[in-house]
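From first to last, the protein sequence lines stand for chains G and D. Using my numbering, you'd call the opening residue of the first sequence number 90 and step up by one each time. Using my numbering, you'd call the opening residue of the second sequence number 90 and step up by one each time.
Some clues are possibly wrong.
Below, in silico cross-link-like pairs of lysine-lysine (BS3-like), each with a Cα-Cα straight-line distance of 30 Å or less [what the hints assert, rightly or not]:
1. D:Lys-172 x G:Lys-141
2. G:Lys-225 x D:Lys-411
3. D:Lys-414 x D:Lys-102
4. D:Lys-411 x G:Lys-172
5. D:Lys-414 x D:Lys-404
6. G:Lys-416 x D:Lys-404
7. D:Lys-166 x G:Lys-416
8. G:Lys-416 x D:Lys-172
9. G:Lys-166 x D:Lys-411
Quick list of the computed label-pair ranges, beta carbon to beta carbon [said to hold, decoys possible]:
10. G:Ile-228 x D:Asn-96: 40 to 48 Å
11. G:Ser-413 x D:Gln-480: 45 to 53 Å
12. D:Lys-212 x G:Lys-212: 28 to 36 Å
13. G:Asn-477 x D:Lys-411: 49 to 57 Å
14. G:Glu-484 x D:Ser-288: 36 to 44 Å
15. G:Asn-471 x D:Asn-96: 17 to 25 Å
16. G:Glu-119 x D:Asn-177: 17 to 25 Å
17. D:Lys-343 x G:Lys-141: 24 to 32 Å
18. D:Ser-288 x G:Glu-488: 54 to 62 Å
19. D:Lys-411 x G:Asp-344: 47 to 55 Å
20. G:Ser-432 x D:Glu-417: 39 to 47 Å
21. D:Glu-417 x G:Asn-177: 20 to 28 Å
In short, the hints are calculated from the structure, not lab data. Glycine included, each C-beta is placed from N, C-alpha and C at the ideal position.
There are 2 protein chains.
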Amino acid sequence: MSNFSWNIKKKLKNSRARVGVISTPHGDIETPAFIFCATKAALKSFSTADAKKNNTQIILSNTYHLMLQPGSDLIAKHGGLHKFTGWNGPMLTDSGGFQIFSLGNGSVADEIKGRKSNSKIKKTLLSINEEGAIFKSYIDGSNILLSPEKSIQIQRDLGADFIVAFDECTPFNVNRDYTYESMLRSHRWAQRSINSFDSQLKYKSKYGSAGPQEIYGIIQGGIYEDFREESIYFNENLIETFGIAIGGSLGSNKDEMQKVVNFTASKLNEIHPIHLLGIGDPVDIWTFVEQGIDTFDCVSPTRLARHGAALVKGKRGKINIKNSKYKENLRQIDEQCSCYTCSNFSLSYLHHLFASEELLALQLITNHNIFFMNNLMNTIRNSIKENNFEQARKEWLNE
Amino acid sequence: MSNFSWNIKKKLKNSRARVGVISTPHGDIETPAFIFCATKAALKSFSTADAKKNNTQIILSNTYHLMLQPGSDLIAKHGGLHKFTGWNGPMLTDSGGFQIFSLGNGSVADEIKGRKSNSKIKKTLLSINEEGAIFKSYIDGSNILLSPEKSIQIQRDLGADFIVAFDECTPFNVNRDYTYESMLRSHRWAQRSINSFDSQLKYKSKYGSAGPQEIYGIIQGGIYEDFREESIYFNENLIETFGIAIGGSLGSNKDEMQKVVNFTASKLNEIHPIHLLGIGDPVDIWTFVEQGIDTFDCVSPTRLARHGAALVKGKRGKINIKNSKYKENLRQIDEQCSCYTCSNFSLSYLHHLFASEELLALQLITNHNIFFMNNLMNTIRNSIKENNFEQARKEWLNE
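Produce the complete structure using the sequences and hints provided.
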């Protein structure tokens, strides 16, 4: 009997929004769910114990960062990421592909989110060939090959519940032909990932530590609907995975992104939980849940906190605690919020912590933002269960 | 009936070591106790909720910093420091004198702890006269007078349970005559502090927020025993305070410091709990408890954590987590320690967090160091209660 399962519990009639349960050896995830990023095996400024207290269901770590520092061997010696990080709940690692290609080419995330490419970031991707991708380590400058087999072996050592097939995260600024060739290569890499995963699952990991794991495939195809359909066919019929992630370029703006996700999600069967990579804006989350997405991940809740932004309801979505207008504001971020930060501290105090360069500021805003995202997902789930999704969205966004 | 009391519960026969209870409106403090520094109304990288969980009894904040940023008015509007910081336990503020004089002259703490004076720190003390001290604000460069009356008014607004009389923290590198003149002025300032405190206690603070408070006097006299005796006489007979702190210059080295503290403590009656300013080294704490000190404060547990140093038993006292020898060490800081950090994380993980510049590192080491200091004080209290102080010290220091 598998330790993993995926069950849809309730679907809305007038959209693809659904609630479900992903079961893992480390507990259940009620979906729609948000996955928080513990990129280097740590949530930014935040303990895993506090994440749990704030209703976090699942976190992820990044293969790219951990293979370079401290190395997956060392984490395997600990018994895997759960032991290393003190997080006993469900966990996911990505394949390393996204970082290699986004840091190497200029970020796809930058494109779809409208950020300017940061030319100061060194291009570290050296070459891509059938075997895999060669990139330069940001730790010691050495040249490193990441292949499907190596990514899977590393993810086996890391020991998260869910791992992801190795793919090329195709940039937006390439032509239709390159997108197609890249998709076919990613399919071949996915097949090699699955083969490697199946053969490695037969054995214990190097240090006998990793337990059962399941794998996600990734739908490629860029903005081209015919490619997306071909990639869906490949993922649903030619390989066998637990879950499916929607990856690749989602276009150059939010409208295009919504169109690509909507088309892709509409064509997918219900056998797999569907993950959408790199999305954390609450407005987007309401949209994509409606389109049938089950899980999301993004660095935004913790990254925003580091920049002094606290998440709030409404279309605006956040307030800047560092703004001088909060210097003497004795109210909370959100007086309806029951998180530790809102229960104990004024905007004025939080503003003071930033003004005084106290690191506690980051911890307290992160606390609020993590609680906020989990509360958002809980509100979405309840609204689906109670058939008032549209009303709940309007209330959340103050529309 | 007063909300404050001081009771000695047990004394050792062969030394002045004693356990007692300081009662305050915000709870009891079992002594000997350590007071953690929330300098700018925040423990460094650590929440007050976590401090409580780690058995912290009392914290202090600094008048000097808070009067400049965010200003005591704003904290009074919150209802005082307890509400501002979310700390519901006992709390102390100092008078501001120590920072004005130590930052202004070069630090006394640097002298007694053998640190080199940091010439990069701008000298901010502009002048001292009978009225008070004028210093330059590090926030906006303005010239500010701090007088006994102003210090007490600010401390009333801040609303900690314990406040401290305003004094000149006499530097070490002055002659006997200056030390005497300075002591006499500090006595006059102490009398003005008490007068101001008594008159202000009759009224509510500006925003009607502060509750009952008690005040500490400070024994001056530098390294001169005749001056120390005169200052003791002043503090015990000519003014009335709840507690007494041993302040002023304690000499230029540890031997001199022990001699000054031992002499001073030996002459004090038992009516007041005795606080020793700025001491946090466990070896010193064992020594000074034996000499009759009841409470200590120091920034060291949180400051050491920020530099990667975790406190451990033994004379060595600390280990440097950043040392590469811990990179692959799967053991804990202290396998006997039951703190959150030692219960969940390896030295290897903590080393990785520093190597990866993850701020969680500071939080986790701070957690250990705060737990460690509270455990130290608890061990000391138990050893006094059980008449095995000397044995407990030897075990703690691995002598």
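Structure-based check of each hint:
{"no.": "1", "hint": "D:Lys-172 x G:Lys-141", "in the structure": "26 Å, holds"}
{"no.": "2", "hint": "G:Lys-225 x D:Lys-411", "in the structure": "25 Å, holds"}
{"no.": "3", "hint": "D:Lys-414 x D:Lys-102", "in the structure": "45 Å, violated"}
{"no.": "4", "hint": "D:Lys-411 x G:Lys-172", "in the structure": "21 Å, holds"}
{"no.": "5", "hint": "D:Lys-414 x D:Lys-404", "in the structure": "20 Å, holds"}
{"no.": "6", "hint": "G:Lys-416 x D:Lys-404", "in the structure": "46 Å, violated"}
{"no.": "7", "hint": "D:Lys-166 x G:Lys-416", "in the structure": "12 Å, holds"}
{"no.": "8", "hint": "G:Lys-416 x D:Lys-172", "in the structure": "16 Å, holds"}
{"no.": "9", "hint": "G:Lys-166 x D:Lys-411", "in the structure": "20 Å, holds"}
{"no.": "10", "hint": "G:Ile-228 x D:Asn-96: 40 to 48 Å", "in the structure": "58 Å, violated"}
{"no.": "11", "hint": "G:Ser-413 x D:Gln-480: 45 to 53 Å", "in the structure": "57 Å, violated"}
{"no.": "12", "hint": "D:Lys-212 x G:Lys-212: 28 to 36 Å", "in the structure": "48 Å, violated"}
{"no.": "13", "hint": "G:Asn-477 x D:Lys-411: 49 to 57 Å", "in the structure": "53 Å, holds"}
{"no.": "14", "hint": "G:Glu-484 x D:Ser-288: 36 to 44 Å", "in the structure": "54 Å, violated"}
{"no.": "15", "hint": "G:Asn-471 x D:Asn-96: 17 to 25 Å", "in the structure": "54 Å, violated"}
{"no.": "16", "hint": "G:Glu-119 x D:Asn-177: 17 to 25 Å", "in the structure": "34 Å, violated"}
{"no.": "17", "hint": "D:Lys-343 x G:Lys-141: 24 to 32 Å", "in the structure": "45 Å, violated"}
{"no.": "18", "hint": "D:Ser-288 x G:Glu-488: 54 to 62 Å", "in the structure": "57 Å, holds"}
{"no.": "19", "hint": "D:Lys-411 x G:Asp-344: 47 to 55 Å", "in the structure": "48 Å, holds"}
{"no.": "20", "hint": "G:Ser-432 x D:Glu-417: 39 to 47 Å", "in the structure": "41 Å, holds"}
{"no.": "21", "hint": "D:Glu-417 x G:Asn-177: 20 to 28 Å", "in the structure": "23 Å, holds"}
In the structure shown, a violation is registered for the earlier hints numbered 3, 6, 10, 11, 12, 14, 15, 16 and 17, in ascending order.
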